[in-house]
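Visitor: Sequence:
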Amino acid sequence: MTDQTPDPGPAENSPELQGLLRSLPTVFAAFHDTYARPYLGYAHLNLGNRDDAVRVVEQVFTELGRTWDDVMLQGNYRAHGWATLKEHVVAMLALHGRQQAMVETATFDSVLRAGRRRMADLESGLGLYAAIARLPERQSDIVILRHVLGWETKAIADLMGIELASVRSHLRMARNRLARDLNLRLDHDDEGALGDR
Numbered sequence: 032m033t034d035q036t037p038d039p040g041p042a043e044n045s046p047e048l049q050g051l052l053r054s055l056p057t058v059f060a061a062f063h064d065t066y067a068r069p070y071l072g073y074a075h076l077n078l079g080n081r082d083d084a085v086r087v088v089e090q091v092f093t094e095l096g097r098t099w100d101d102v103m104l105q106g107n108y109r110a111h112g113w114a115t116l117k118e119h120v121v122a123m124l125a126l127h128g129r130q131q132a133m134v135e136t137a138t139f140d141s142v143l144r145a146g147r148r149r150m151a152d153l154e155s156g157l158g159l160y161a162a163i164a165r166l167p168e169r170q171s172d173i174v175i176l177r178h179v180l181g182w183e184t185k186a187i188a189d190l191m192g193i194e195l196a197s198v199r200s201h202l203r204m205a206r207n208r209l210a211r212d213l214n215l216r217l218d219h220d221d222e223g224a225l226g227d228r
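Following my numbering, the numbering of the sequence shown begins with 32 at its first residue and continues without gaps.
There may be inaccurate statements among the hints.
Below, in silico cross-link-like pairs of lysine to aspartate or glutamate (DMTMM-like), each with a Cα-Cα straight-line distance of 20 Å or less [as the list claims (entries may be wrong)]: (1) K117 <-> D101; (2) K185 <-> E168; (3) K185 <-> D64; (4) K117 <-> E94; (5) K117 <-> D189; (6) K117 <-> D64; (7) K117 <-> E194; (8) K117 <-> D82; (9) K117 <-> E168; (10) K117 <-> E89.
Here are the in silico distance ranges between beta carbons for each label pair [stated by the list, open to error]: (11) N107 <-> Q49: 22 to 32 Å; (12) N80 <-> L195: 24 to 34 Å; (13) R53 <-> N214: 52 to 62 Å; (14) G158 <-> A196: 26 to 36 Å; (15) L215 <-> R97: 38 to 48 Å.
Calculated directly from the structure, the hints in this document are not laboratory data. The beta carbon of each residue, even a glycine, is placed where N, CA and C say it ideally should be.
Based on the provided sequences and hints, a complete structural model is requested.
Guide: Shown next as structure tokens:
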């Protein structure tokens, strides 16, 4: 993550999750230690507040811990963890009768960073964030992780449990769709505009 990322900071683990972290194989604790903070950043961006994000991440890792043996049998625990996070974010939004807060959260973070000097850019950014939210789910997630949260493509592939080539392909498709939706002309020199780092 970058210093531009909405970072809700670390959270205390519940007694149940602490027990799971102590009693399960170290791969679960390592998985938690590696992905709890990125999950928290993603949940915060989508839910719009820290308390809900902390609650969701706690629920995700508790659920994963309770079913860890089954999760490991599936073969790709990172993909399973990502899917579980997404399910819990959607459930929390439904519980509160809210829509995804990414547009508002990302815009607010941009305003905090930019101050008054770039208000015109931010106004056009509102359209960009709304267009990102309209992308197919996988493309939207990858664009959010890459360009809003500042993750490298390799880290995104690891986080989501997918191939690096898939991340790059989704970024290219998203780039083309965003350009079309926002009436932007892309030059061949813009090929790296969504970044393949």
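Visitor: Does E168 lie within 20 Å of K117 when you go C-alpha to C-alpha?
Guide: 10 Å, holds
Visitor: For the pair we were handed, K117 and D101, check the Cα-Cα distance against 20 Å.
Guide: 19 Å, holds
Visitor: For K117 and E94, compute the direct alpha-carbon distance and say whether it is at most 20 Å.
Guide: Within the cut-off at roughly 13 Å; holds.
Visitor: With the threshold set at 20 Å, check whether the alpha-carbon distance from K117 to E194 stays at or below it.
Guide: 19 Å, holds
Visitor: When you take the CB atoms of N107 and Q49, is the distance between them in 22 to 32 Å?
Guide: Holds - the Cβ-Cβ distance for N107 and Q49, about 26 Å, lies within 22 to 32 Å.
Visitor: If I claimed the Cβ atoms of L215 and R97 lie 38 to 48 Å apart, would that claim hold in this structure?
Guide: 46 Å, holds
Visitor: Quick check: does the Cβ-Cβ distance between G158 and A196 fall within 26 to 36 Å?
Guide: 30 Å, holds
Visitor: So does N80 sit 24 to 34 Å from L195, Cβ to Cβ?
Guide: 33 Å, holds
Visitor: Could you grab the alpha-carbon distance between K185 and D64 and see if it respects the 20 Å cut-off?
Guide: The hint holds at about 18 Å.
Visitor: Decide if the proposed pair is consistent with the structure: K185 and E168, CA atoms, cutoff 20 Å inclusive.
Guide: Roughly 19 Å separates the two Cα atoms, so the pair holds.
Visitor: So if I understand the rule, the pair passes when the alpha-carbon distance is 20 Å or less; does K117 with D82 pass?
Guide: 17 Å, holds
Visitor: Hey, K117 versus D189, does the alpha-carbon distance stay inside 20 Å?
Guide: Given pair K117, D189 holds - Cα atoms ~16 Å apart, limit 20 Å.
Every hint from the earlier list agrees with this structure, and none is contradicted.
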